[in-house]
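Engineer: Below are the chains, spelled out letter by letter.
2 protein chains.
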Amino acid sequence: MTTLYLLSTGPGASDYLPPLAVKALANSQHLVAYGLYLALLGNLTNNKQCHELPLGEEVERARLALTLASEGNTTALISSGDIGIYAMATLVFELLDQQQQLTKSSAWDNITIEVIPGISAIQALASRVGAPIAHDFCTISLSDLLTPWEVIENRLQAAGKGDFVIAFYNPVSRKRQWQLEQARQILLNYREAKTPVIIGKNLTRKNEAITHTTLQDLDIKQVDMLTLVMVGNSESKRIETSQQQWVYTPRGYGKTL
Amino acid sequence: MTTLYLLSTGPGASDYLPPLAVKALANSQHLVAYGLYLALLGNLTNNKQCHELPLGEEVERARLALTLASEGNTTALISSGDIGIYAMATLVFELLDQQQQLTKSSAWDNITIEVIPGISAIQALASRVGAPIAHDFCTISLSDLLTPWEVIENRLQAAGKGDFVIAFYNPVSRKRQWQLEQARQILLNYREAKTPVIIGKNLTRKNEAITHTTLQDLDIKQVDMLTLVMVGNSESKRIETSQQQWVYTPRGYGKTL
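Taken in order, these protein sequences are the chains called A and B. Per the working numbering, the first sequence starts with residue 22, numbered consecutively. Per the working numbering, the second sequence starts with residue 22, numbered consecutively.
There could be a bad hint or two in this list.
Pairs count within a copy or across copies, as identical chains cannot be separated in the list.
Below are the DSS-like pairs computed for lysine-lysine, each with C-alpha atoms no more than 27 Å apart in a straight line [said to hold, decoys possible]: (1) Lys196 to Lys276; (2) Lys227 to Lys44; (3) Lys196 to Lys258; (4) Lys258 to Lys242; (5) Lys182 to Lys44; (6) Lys242 to Lys276; (7) Lys215 to Lys276; (8) Lys196 to Lys69.
Calculated from the structure, these hints are not laboratory results.
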């Protein structure tokens, strides 16, 4: 049995890479990833066979990693953030599932899979601004490439009704510009105009930028593909110390303080 | 300015502790935590002044950490998992906020706060069973000690309507037993009886136990205080390889595979 690691590299800086991930990299002969993620790993990729497949070739990356591992090569399929959250891990299982249905015995069944979690963008952004996701929260991807917009809109309505703190993954792309504005409009039916909104760009990386705004003033021109957008719930509060602005969502201790 | 680290130690095993957290521990003179979390850190706590306050004394822990730091002691307030997710970070900001309102100039305003995120239980459990949170998900705490049950029930209805994958934090405690069963009943109005449910206990720690079940068969006797419960959405699938059972939530690549 050869191991296929589904390996998370966290938000960017190598300071976020736990020993578990470093060991998995050390064990791997082959690394499969989008090129930028390999660059962020620096010399941890030395002496590895690196397979860089561009954005858009996610299925090909998952397939290649499965095939390399099934041929006896210890392999790491790599995503930034947490590979289990809007990333590559699920594609591997979807391909395994499909293969099982097509051919009763799978050529990939001799692989041991080990998933290594990592810090996702929502956590990196939360850590930069205080404690915005300290109570019930949800994540919603605004990409309608693979999910029909009606499903996304239904989730936006539900998140509004349920008063969840919300993190928007894939808020915009070069081709998708209107979804974030639509989401903002929907949430304004449920939340006050002054609800705290935080925009995090290049989190933990060079040129990191954090912007504090409100649901009223959120401007999609401040947002790009490398950005996470977080919207507070009805309880989220902003405070300012001599150090910086913070946002926190209380858990309800207020009455007991 | 003295630093107060709000420090996450991840799910348990030290293999999950990134260099960022190890450095913060090394820098700290004082550690404030619930005793079990210090025990999990092993010799990283050597030569530190350790302040162990029991469960239930969360406000006292946050206050003590702020006071120690304001007196010039580099201090780490420690939570397991991610300190920003259902944990201590938010209490620090709530206390800062309260102090600012009570006394215009805060004795705690000379502190630099640095939040260090960590792997939360939802990610540890997801990594053990595949990729269940690969698409939109939410977290809901079932503890009604500080949150009215009506708020929690409203969130359960919303999560059901929105078809989010759901992770239940604080599913039960010695005194709270009925909430999880109530949640199960509510979700059965929205999801099929065979919806995958995963129960994770002592994640990454000694005696880790993962149980695969369904929404129909979820038995609250399988759940205790050290447990996370995850409920798939309408798309979540279970597959079995020679290695183990897995659960994944597809992102919609199916049509293109």
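Engineer: For each hint, tell me whether it holds in the structure or not.
Structural biologist: Structure-based check of each hint:
1. Taking the shortest alpha-carbon separations for Lys196 and Lys276, only the inter-copy value of 21 Å comes in at or below 27 Å, while the best intra-copy value is 47 Å.
2. In this assembly of identical chains, the alpha carbons of Lys227 and Lys44 lie at most 27 Å apart whether taken from the same copy (25 Å) or from different copies (20 Å).
3. In the homo-oligomer, the alpha carbons of Lys196 and Lys258 never lie at most 27 Å apart, since the shortest distance is 34 Å inside one protomer and 31 Å across protomers.
4. Within a single copy, Lys258 and Lys242 get their C-alpha atoms as close as 24 Å, which meets the 27 Å cut-off; across copies the closest is 38 Å, which misses it.
5. Taking the shortest alpha-carbon separations for Lys182 and Lys44, neither the intra-copy value of 44 Å nor the inter-copy value of 41 Å comes in at or below 27 Å.
6. In the homo-oligomer, the alpha carbons of Lys242 and Lys276 never lie at most 27 Å apart, since the shortest distance is 40 Å inside one protomer and 32 Å across protomers.
7. In this assembly of identical chains, Lys215 and Lys276 lie within 27 Å of each other by CA distance solely inside one copy; the values are 24 Å within and 41 Å between copies.
8. In the homo-oligomer, the alpha carbons of Lys196 and Lys69 never lie at most 27 Å apart, since the shortest distance is 35 Å inside one protomer and 53 Å across protomers.
Hints 3, 5, 6, 8 from the earlier list are contradicted by this structure; the remaining hints agree with it.
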